[in-house]
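**Student:** This is what each chain is made of:
Protein chains: 4
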Amino acid sequence: MSERLAAPLSHEDQCIQSMPDASPAKWHLAHTTWFFERFVLAPRAGYRIFDPRFESIFNSYYLGLGTPFTRAERGLLTRPGVEDVMAYRRHVDDAMRDLLDDPKLFKLVELGLHHEQQHQELLLTDIKHAFSRNPLLPAYDPAGPLAMDVSSRLEWFEHCGGIAAIGHEGPGFSFDNERSRHDVMLRPFRLAARPVTCGDYLEFIADGGYARPEFWLSDGWALAQREDWQAPLYWLPGGRTIFTLHGARPLNPGEPVVHVSFYEAAAYAAWAGKRLPTEFEWEAVASEHPVKGNFLDPAQLHPRAARAEDGSRLFGDAWVWTRSSYDPYPGFRPFSGVASEYNGKFMVGQMVLRGGSCATPQDHIRPSYRNFFPPSARWQFSGIRLAEDA
Amino acid sequence: MSERLAAPLSHEDQCIQSMPDASPAKWHLAHTTWFFERFVLAPRAGYRIFDPRFESIFNSYYLGLGTPFTRAERGLLTRPGVEDVMAYRRHVDDAMRDLLDDPKLFKLVELGLHHEQQHQELLLTDIKHAFSRNPLLPAYDPAGPLAMDVSSRLEWFEHCGGIAAIGHEGPGFSFDNERSRHDVMLRPFRLAARPVTCGDYLEFIADGGYARPEFWLSDGWALAQREDWQAPLYWLPGGRTIFTLHGARPLNPGEPVVHVSFYEAAAYAAWAGKRLPTEFEWEAVASEHPVKGNFLDPAQLHPRAARAEDGSRLFGDAWVWTRSSYDPYPGFRPFSGVASEYNGKFMVGQMVLRGGSCATPQDHIRPSYRNFFPPSARWQFSGIRLAEDA
Amino acid sequence: MSERLAAPLSHEDQCIQSMPDASPAKWHLAHTTWFFERFVLAPRAGYRIFDPRFESIFNSYYLGLGTPFTRAERGLLTRPGVEDVMAYRRHVDDAMRDLLDDPKLFKLVELGLHHEQQHQELLLTDIKHAFSRNPLLPAYDPAGPLAMDVSSRLEWFEHCGGIAAIGHEGPGFSFDNERSRHDVMLRPFRLAARPVTCGDYLEFIADGGYARPEFWLSDGWALAQREDWQAPLYWLPGGRTIFTLHGARPLNPGEPVVHVSFYEAAAYAAWAGKRLPTEFEWEAVASEHPVKGNFLDPAQLHPRAARAEDGSRLFGDAWVWTRSSYDPYPGFRPFSGVASEYNGKFMVGQMVLRGGSCATPQDHIRPSYRNFFPPSARWQFSGIRLAEDA
Amino acid sequence: MSERLAAPLSHEDQCIQSMPDASPAKWHLAHTTWFFERFVLAPRAGYRIFDPRFESIFNSYYLGLGTPFTRAERGLLTRPGVEDVMAYRRHVDDAMRDLLDDPKLFKLVELGLHHEQQHQELLLTDIKHAFSRNPLLPAYDPAGPLAMDVSSRLEWFEHCGGIAAIGHEGPGFSFDNERSRHDVMLRPFRLAARPVTCGDYLEFIADGGYARPEFWLSDGWALAQREDWQAPLYWLPGGRTIFTLHGARPLNPGEPVVHVSFYEAAAYAAWAGKRLPTEFEWEAVASEHPVKGNFLDPAQLHPRAARAEDGSRLFGDAWVWTRSSYDPYPGFRPFSGVASEYNGKFMVGQMVLRGGSCATPQDHIRPSYRNFFPPSARWQFSGIRLAEDA
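Residue numbers (our numbering), protein chains in the order written: chain A, 1 to 390; chain B, 1 to 390; chain C, 1 to 390; chain D, 1 to 390.
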């Protein structure tokens, strides 16, 4: 899948880094392979390291494995070229093939696969950002769909509150940040049955949403003023066209709004007279529904408006910002060994998002899955779901 | 009390702003008076505004009252001078005197008094920062004490977990961020009976605490490297002398360590094999103890080592960083009217601190009191209290 | 004179530093005294250093005398207070009094006096900047004049070109940067007989001067866009009022325009179809005229419109930017000893200004005097004089 | 030649921009073609614009032709791809072929060819910078030579001073900044007969050159401290290996030192007890010698140590920094029309370099040729030539 996602990209496209938060497509391909090489293969006798110089340049942030190459300079790596990275992937894939059945390695291999899924989503959101900065506005896939569906009425899930069990438990895979499973107390609340749409969000804008500080968190207002935000990221001037992975397209009022920061999500909710759900409220409702929705499908790399056949729309389309900071759960213990740096060290200054997006592989998501980004981040497929006290 | 705290300062001292987070002493004096003028007096017929130009320059962040003067430029206000600010305070105090018994105003006046207490603490921490940047290291009060008490053994409060009621309820004053009172689920835990001392912290430093990324949150490590942190703020080179409001003094191993960021607190706890308490854990224990401790006393503006006569040391000396982000409580509703901007708009990107410090007026503190600062902040009297799972 | 210039300032006013390029008034007073102490008194047996801690904090940039206190932090020095600085001045003045007749010290004492004159001008331009940043717009001297004279017609000095002797020679004082006196070749040219006036400059603005890149140097255009320049520094919104040391005053079309950068001066000249003179052209003309003009007079701290009794207006009112970079003259040799850092190390990236201003002591100026500032500087009394090829 | 210089580069290499001052190789190829299209072809009836979107993205700084695409973002242009740029070049080359003999266009075509030569040098210095930032240190041409010649003794040209004619005159091509030809007065001086070598420069380093402020201009010292300069750019840690377009190579003491800033050149000269020549001194000597030296030769992209058969070494190998700011000559008039922005608007804040380098096409250089860069620039082949008063 990773190679397939990179296929529409030229060598130049794969090399670019358009902001420090993003990485080149080629780097994503190499780093996920590096993860298998460093965590699974390197400790084993008999494995031949593909190129010892890759140890640093494709290390993301594992200080336990030495000093990683500076994140903001990944775009400087014109060498190794795309061909070299592909050879690296083949070398490591071949070595991994022999080990897939080794039960002692199962946990690490499983982590490596889930890790690669995370980077598949990032590869798409990162190239979308890069293309958006090119005045030619290239399309990742020019042949994408152009449905103009109508919006659905906003309905609500009711929840009666009380003690809810939160987090992952049991045999299936989960990240360390989903554990330990623990009880939380909830008050009765309502959770919107669908994300906020572009049509909804246009009303917020029309009502002066970006010019009225009373709806905004202080940091958000300061940032929005400093960067002159007037609409979500990727809305083109005029406000009726948006840039997508399928190129510039007319804005579809029925589709979920994406590429908003937590600050915009919170301001929208305040304007609407509602609030954002906590991550616990979201999970309490979502765990009662099947994991079904518009997930990664290379033919449609954009959220979809609701269709009659959709059931609940709790998963897919757009990650939704919750009103929960990314704090550790009670009893949190990082993965052991080198993977201990995977999640825990990022547990400050970030907000939790839930539910997956149109760029998330379907089998990557669980009701207990916690995604997290700084409240200022806009380049992910991040959207809004409302809640209110019952 | 505010005037008394400013008394040791020259006019020049009162005008200085040594970083954007801090404010001049004179500005604190004027702003707390401004709060009474704008919130209580200005809406009343017959009140004469002291100087209409003060409306903007002494507004801190109330966008509902117009555009405040740029925060980072408060140090430019050599005019109005200290004498003018004192005249402003007298003018407003006189007008307030007639209204103190008006029951309709009671809530606002009470808020104004608690507001002024907060700025009394800030006046001290801000001038401490300013003096620390002066190569002459002036002392706010050169006559302060020089006790060298020994440290006490670390003991623990045990808590059996279960449902705990958190937040403020009832007739006494509280800020809106302490409400609504609600239940949380706790697991059994232990809370340290005293804060971490300088002596404890010296061991962390000696063991390479500032050079070992495995203890640190990622943002904290990056910041510590960028700013070359080797010890808490105000520890002078050599590590055996610290700058205090009483001037440079030998470090007392028995006294609580202060002027650490959340990042340092979390790194220390990881190094110690413990963790920081959540704000709920702290409150569950603290609400069972009397509010007693080393609070604001102009004769001793520094944390004290434990003495035999001390009982529990849950309050005073040092605010302690909790492992809780500053999120809204369930059912949170901001103050009504112009005071709605008081707390709610800051509920992102900050961590909760609890318990008050040696610079906090004693009657300002409650077990439900939530202080909050960004995880990078070091110029408050912020310290560390350990916790662990039972 | 220095004390007299500081007299209208409060202690708070004297402590402020409103940008890194400016210094507090108190610091100017102390630094000029420091210059005498370090350069003249300290090397002499028997002199008692006033306070050894002043050696660093009042050192401007003499690396040969140790590491100076960080320039941008001079505003942090609330201590030593104004009273302490005055005591410092008295201490040094007393010690100097006994040495004034010592012929061996004459050169250094003379340099110290000229040095102090330079700081008298800076004291005024620095406090003007500080007051301009205060929303109350305080006046240094509220009682200043308010003449609204008419502008004079623009006339020209003719010069026939050829070999001109440039620079200082002979017994009188000069800075090292005015030497050695050397010949330059000039082509025939004309030099404007008066500086450009505010009225002239208003035409440039009205004709879109700040919006037409064709008149601008590339760096200047970029800076003007970045900082949104629409008029000279200190012109208040609306363009008909300017902030002066006498407070906000109606703009007088007849008075020389000041507080323009080199970039604006060059753009104005291009718009006018003329050019700026080289420093050699200016000196070739100026050396044929008496040094007469509107120099420092505490009763009028602003350029004056021309009056009938004025003769040539080559000196005073406004320093004029020349089209000459501040390069060393042939045979340039820095002062010997610690004063070697006085001028030479700044000979890159700056432009030469000539003629003195309304804030320059009259006996400080010579035809060969070279002032210099970066092309972006606007807070000096810097203006424009046109030239053209004959 | 341009295509030939790009030939060793992958598509990824050609897309990269490693700092705002540098441009991608692909962009250089497109921009030089754009120059012909916009300046020569576009105004002519019948010419078909290749792609109207290129008008902005390949405009460097000609504001008279609309707003150029942001310089610092040229690396974002993964599209148009290298293939597209090559097609663009063919399209324009074909159209130009028909016009080469048109005498009315001769001046513009000639300018376009000289313009392309300038970008050939920049293509090389820019990719050198990009490769130097890659931890793999790729070689542009791994097969380059590895001569270790010995240094030659330093000899001097004598010049008796007097009136010298400077600048270009006559039928051959020159840039506008070389005109008008005019007389300057020179004092007797000596000019070094060869550039300063790496061996010479090692002595400066060994003598603490980078740690002794007395040799440095103030801005240079500040920059060197801030960026921790210890050697010229591209000298690898240890100081005995340098990064070249032929990869990392042992430092050759006999070869001219390059990649020094003006600040380093001036500091070296001060340490050596000499000075840098003015641009007039250099030209007065150089105009008496044939234009001969080590110019652009793709087989050797690095300065060469002196060989017996070399005559005077005034040209080639390394541009030499002069002690002359880049000011306009008397009578300077920019090119007419759109080319007026070519040179004049950059005449502030830069220093003049003379003589050409190992990356300059030989027929591009004249004795009157003025190159210019800011004093901080190090990524060009910039070196040092000493001078002294006779």
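Worth double-checking, as some hints may not be accurate.
Identical copies look the same in the list; a pair holds intra-copy or inter-copy alike.
In silico SDA-like links for lysine to any residue, alpha-carbon gap of 25 Å or less [as the list claims (entries may be wrong)]:
1. Lys107 x Ile49
2. Lys274 x Ser336
3. Lys274 x Glu341
4. Lys274 x Glu214
5. Lys107 x Trp156
6. Lys104 x Phe243
7. Lys292 x Asn134
8. Lys292 x Trp271
9. Lys274 x Leu236
10. Lys274 x Asp327
11. Lys104 x Glu227
12. Lys104 x Arg90
13. Lys274 x Phe335
14. Lys292 x Trp229
15. Lys274 x His182
16. Lys104 x Pro135
17. Lys292 x Ile205
18. Lys274 x Gln350
19. Lys292 x Tyr61
Please keep in mind that the hints were generated in silico from the structure rather than gathered at the bench.
**Student:** With identical chains treated as interchangeable, where does the CA-CA distance between Lys104 and Glu227 reach 25 Å or less: within a copy, between copies, both, or neither?
**Tutor:** Neither: 50 Å inside a copy, 43 Å across copies.
**Student:** State whether the alpha carbon distance between Lys292 and Asn134 is at most 25 Å within one copy, between copies, both, or neither.
**Tutor:** Result: close neither inside a copy nor across copies, 35 Å intra and 44 Å inter.
**Student:** Quick one: Lys274 to His182, C-alpha cut-off 25 Å, is that within a copy, between copies, both, or neither?
**Tutor:** between (27 Å within a copy, 20 Å between copies)
**Student:** For the identical chains here, do Lys107 and Ile49 meet the 25 Å Cα criterion within one copy, between copies, both, or neither?
**Tutor:** within (22 Å within a copy, 59 Å between copies)
**Student:** At most 25 Å between alpha carbons: which applies to Lys292 and Tyr61, within, between, both or neither?
**Tutor:** Cα proximity of Lys292 and Tyr61: none, with 33 Å in one copy and 45 Å across.
**Student:** First find the shortest C-alpha distance between Lys292 and Trp229 inside one copy, then the shortest across copies, and answer within, between, both or neither for a cut-off of 25 Å.
**Tutor:** Close neither inside one copy (33 Å) nor across copies (48 Å); limit 25 Å.
**Student:** At 25 Å max between alpha carbons, let me know whether Lys274 reaches Leu236 within a copy, between copies, both or neither.
**Tutor:** neither (28 Å within a copy, 44 Å between copies)
**Student:** Using 25 Å as the alpha-carbon threshold, which applies to Lys274 and Gln350: within, between, both, or neither?
**Tutor:** Both ways: Lys274 and Gln350 sit 22 Å apart in one copy and 23 Å across, limit 25 Å.
**Student:** Check Lys104 against Arg90 for me: Cα-Cα at most 25 Å, and say if that holds within a copy, between copies, both or neither.
**Tutor:** Answer is within; shortest intra-copy Cα gap is 23 Å, inter-copy 60 Å.
**Student:** Is it within, between, both, or neither for Lys104 and Phe243, if the alpha carbons may be no more than 25 Å apart?
**Tutor:** Neither: 46 Å inside a copy, 46 Å across copies.
**Student:** With 25 Å as the alpha-carbon cut-off, assign the pair Lys274 and Ser336 to within, between, both or neither.
**Tutor:** between (41 Å within a copy, 17 Å between copies)
**Student:** Checking an output row: Lys274 and Asp327, CA cutoff 25 Å. Within, between, both or neither?
**Tutor:** This pair counts as both: shortest intra-copy Cα distance 24 Å, inter-copy 16 Å.
This entry does not satisfy hints 5, 6, 7, 8, 9, 11, 14, 16, 17 and 19, going by the numbered hints stated previously.
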